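Colleague: Listed in order, the protein sequences are those of chains A and P.
In terms of the numbering used here, the first sequence opens at residue 13 and continues consecutively.
In terms of the numbering used here, the second sequence opens at residue 13 and continues consecutively.
Hints listed in this document are in silico derivations from the structure and should not be mistaken for laboratory results.
Keep in mind that the hints are not guaranteed to be accurate.
The list treats identical chains as interchangeable, and a pair is accepted whether it falls inside one copy or across any two copies.
[Stated by the list, open to error] Taking lysine-lysine pairs in the PhoX-like style, the calculated list, with each CA pair at most 20 Å apart, reads: (1) Lys356 x Lys324; (2) Lys320 x Lys282; (3) Lys128 x Lys116; (4) Lys345 x Lys324; (5) Lys356 x Lys282; (6) Lys376 x Lys335; (7) Lys320 x Lys345; (8) Lys202 x Lys254; (9) Lys247 x Lys237.
Quantities reported herein were computed from a predicted structural model and do not represent experimental measurements.
Number of protein chains: 2
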Amino acid sequence: MVVELISVGTELLLGNIVNTNAAFLSEQCAALGLSCYYQSVVGDNKERLTGAIQTALNRSDIVILTGGLGPTTDDLTKETAAELMEMPLIMDGHSLERIEVYFKERGLEMTDNNKKQALIPDGAIVLDNDNGTAPGLILEKNGKRLILLPGPPNELHPMFKNSVKSYLASLEDGIIYSRTVKICGMGESKVASMVQDLIDSQTNPTVAPYAKTGEVHLRVTARAKDEKQAQKLVKPVVKELKNRFGADIYTTDPEISLEKAVVDLLVANKLTVSTIESCTGGMLAARLINIPGVSEVFKTGHITYSNKSKRKFVGVKKSTLHKYGAVSEQVAKEMANGCAAITKSDVTVSVTGIAGPDGGSDEKPVGLVYIGCCVCGKTVVKEYHFSGNRAKIRESSVAAALTLMRRCVLEYYSEVTFR
Amino acid sequence: MVVELISVGTELLLGNIVNTNAAFLSEQCAALGLSCYYQSVVGDNKERLTGAIQTALNRSDIVILTGGLGPTTDDLTKETAAELMEMPLIMDGHSLERIEVYFKERGLEMTDNNKKQALIPDGAIVLDNDNGTAPGLILEKNGKRLILLPGPPNELHPMFKNSVKSYLASLEDGIIYSRTVKICGMGESKVASMVQDLIDSQTNPTVAPYAKTGEVHLRVTARAKDEKQAQKLVKPVVKELKNRFGADIYTTDPEISLEKAVVDLLVANKLTVSTIESCTGGMLAARLINIPGVSEVFKTGHITYSNKSKRKFVGVKKSTLHKYGAVSEQVAKEMANGCAAITKSDVTVSVTGIAGPDGGSDEKPVGLVYIGCCVCGKTVVKEYHFSGNRAKIRESSVAAALTLMRRCVLEYYSEVTFR
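Construct the entire structure; sequences and hints are all you get.
Modeller: Dropping the structure here:
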């Protein structure tokens with residue numbers, strides 16, 4: 013089946029906000045095996061919105077609209093869709109009650125405008141909104157389907173996952189099932205070359221690579237009559253990928269991020285951790301601390317941006333700084349070791365590099381970064397050459413630091429071999 | 013004039029990347045006074061791309077396409093546009109030479125595919141690409157205009173600012189001129205209520221608010237026959253806004269971010285700075301360190317996530333932690349003061365709060381954050397209540413910390429009054 017997305021909102025046409033909803037829905041639909049050939053954005057304007065929905069209905073089976081379900085007079089999506097599908101608006105007692113409860117629970121007064129949100133196109137399927145007042149709606153007629161969803165991501169995402177996903181899956185013959193194999197510390201082209209035969213030869217399941225900063229995800233997707241059958245198709249391919257990439261795979265769980273995998277590894281081994289950052293200036297610690305529960309293992313983070321602070325806080329030697337420079341293997345090593353000595357942490361990670369735009373030289377160009385990791389007294393330092401602007405170099409450094417931490421802990425604790 | 017955007021790329025339809033180009037171009041076009049009623053996304057498919065361009069040309073004066081200018085066979089934008097505009101492709105010597113130099117400088121080999129990138133539609137205006145191999149192109153015919161730009165943001169942004177902007181401005185009778193007044197530490201509804209009369213009553217210039225995390229930007233835009241005339245229209249409105257918001261305006265320069273304003277203020281006053289963060293876990297330091305040149309003033313950052321580290325590294329008293337809890341005015345104060353004593357920095361900032369999802373209570377709910385700022389021995393602590401998820405609460409905390417730093421430094425050094 014072919015799905016098409018229409019995002020409604022003048023704020024998108026003015027560039028005030030980035031259209032993350034389209035990316036979210038596209039990814040979700042792709043994972044369900046639906047084809048999407050067009051996305052579009054229109055403003056809160058009845059005539060243009062009508063035209064956009066008509067065009068979409070002519071060329072696609074399912075049209076998903078986001079936005080324009082709010083209580084104000086600007087919000088026209090529901091009215092426009094109802095008119096086009098010839099389904100007059102009627103008051104929905106269930107939705108009205110939910111909206112009343114929503115306001116009561118928050119001690120807020122409900123306005124007549126909010127009552128308008130309980131009006132639904134006659135015959136529509138209502139999707140409860142657990143995080144706002146606008147219900148989602150599915151309008152079916154003559155084999156065409158309009159799905160109306162709220163614009164705020166914190167309302168859209170749970171509604172999609174809880175209601176829309178199973179609805180879309182039920183429309184297809186059989187089901188789509190996918191597993192994601194997440195690899196860190198390898199470039200996209202290397203990963204792709206290692207699985208090119210699988211990408212080329214397979215049709216069900218398919219293997220597709222997705223590049224992230226410092227990571228590559230391989231998604232294995234199968235279509236089958238039921239989940240059991242699909243799993244049977246996917247399983248040997250995932251096994252083959254595990255054979256090929258071994259310990260460079262950090263998870264096959266879609267919900268687990270690289271930093272979550274690292275924190276889980278530290279918690280599982282009861283290893284405390286401290287960070288010491290120069291060019292990344294706290295980004296590594298910030299990413300670790302974004303994981304709820306990190307407090308079990310995170311001791312302290314240090315940002316020693318200046319040479320003086322590198323000496324004062326972790327005891328990097330003046331002579332080392334003088335002889336090798338702040339961005340050097342030796343300083344990365346002394347930072348990691350000094351941090352371990354002072355914080356008494358089991359694992360310490362140091363980052364020192366040149367993020368640019370200034371500060372580079374022929375010998376030490378912008379993008380040169382050293383990362384050190386000390387696990388229980390054993391220190392490894394690696395040299396990296398990243399490209400891109402200041403922000404990109406810092407992001408790449410953080411991903412590399414997480415990858416190195418994971419590798420050092422695994423190598424210390426088990427007989428794991430990396431490529 | 014009416015402009016329309018088409019983003020080309022299957023990776024957008026699969027949700028692999030977020031369409032930040034559309035937001036960037038929409039914002040730029042809005043600032044130029046161009047109306048944009050539609051954005052769309054199509055894949056690398058000739059038939060559908062042709063249809064999308066035709067539809068756009070029928071309803072808009074200018075169509076900006078991004079993506080699909082690469083060297084591979086997937087990349088079809090140029091070929092499709094040239095065919096539609098009936099402008100056959102010819103080899104452009106100037107572009108070919110630039111591409112050859114690009115590869116030579118990088119020590120890379122140039123393939124025949126790359127030569128293809130120097131083909132241009134006969135009669136097109138060529139826009140040099142300083143950051144990649146695909147030149148931008150402007151195709152004009154019968155009063156319609158197609159503008160073809162590369163997809164990678166690091167190529168697109170400079171090309172737009174250096175070439176496309178002035179081209180678009182030249183198409184309009186007269187010019188559009190805007191100034192942005194950036195306000196921190198005030199909510200959007202409060203700012204809007206303070207300028208509602210200006211928003212309602214003015215047509216040239218117009219005043220429009222844009223909300224960012226912890227900031228509100230007011231854009232004043234005038235249309236006039238030349239820049240001098242436009243400035244004359246804008247100036248009194250900006251003056252009026254300065255009267256109303258006073259020191260809460262941190263800049264009227266579009267290139268200056270809040271962290272840049274804070275760093276500039278510290279550099280101008282020769283004040284060194286150190287940070288000590290709990291729930292934000294390094295995000296505040298990371299934002300400061302994103303400003304090139306911060307090394308002049310930034311001494312150290314500390315991330316004391318655990319109670320133990322708060323005691324050990326900045327000497328927060330055990331009794332204070334016991335009596336008031338880690339998230340308290342008293343602890344924020346001791347963190348800022350302790351950091352000042354240890355680092356000998358002129359300015360220190362502390363953040364301690366509950367970012368969730370766990371750890372909240374009736375008395376201290378998720379979103380409660382204390383931020384302390386010590387300037388040369390004088391310490392101020394403020395209490396905040398932020399909403400949203402863990403990431404949003406942390407972001408809001410960082411914006412509030414920057415705002416508080418700015419305010420404390422200004423109040424210490426000058427007779428500035430804040431609302």
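Colleague: Against this structure, judge whether each hint is valid.
Modeller: Evaluated hints:
no., hint, in the structure
1, Lys356 x Lys324, "both (17 Å within a copy, 12 Å between copies)"
2, Lys320 x Lys282, "between (33 Å within a copy, 17 Å between copies)"
3, Lys128 x Lys116, "within (17 Å within a copy, 64 Å between copies)"
4, Lys345 x Lys324, "within (16 Å within a copy, 24 Å between copies)"
5, Lys356 x Lys282, "within (14 Å within a copy, 35 Å between copies)"
6, Lys376 x Lys335, "within (14 Å within a copy, 51 Å between copies)"
7, Lys320 x Lys345, "within (17 Å within a copy, 26 Å between copies)"
8, Lys202 x Lys254, "within (15 Å within a copy, 55 Å between copies)"
9, Lys247 x Lys237, "within (16 Å within a copy, 68 Å between copies)"
The structure agrees with every numbered hint stated previously.
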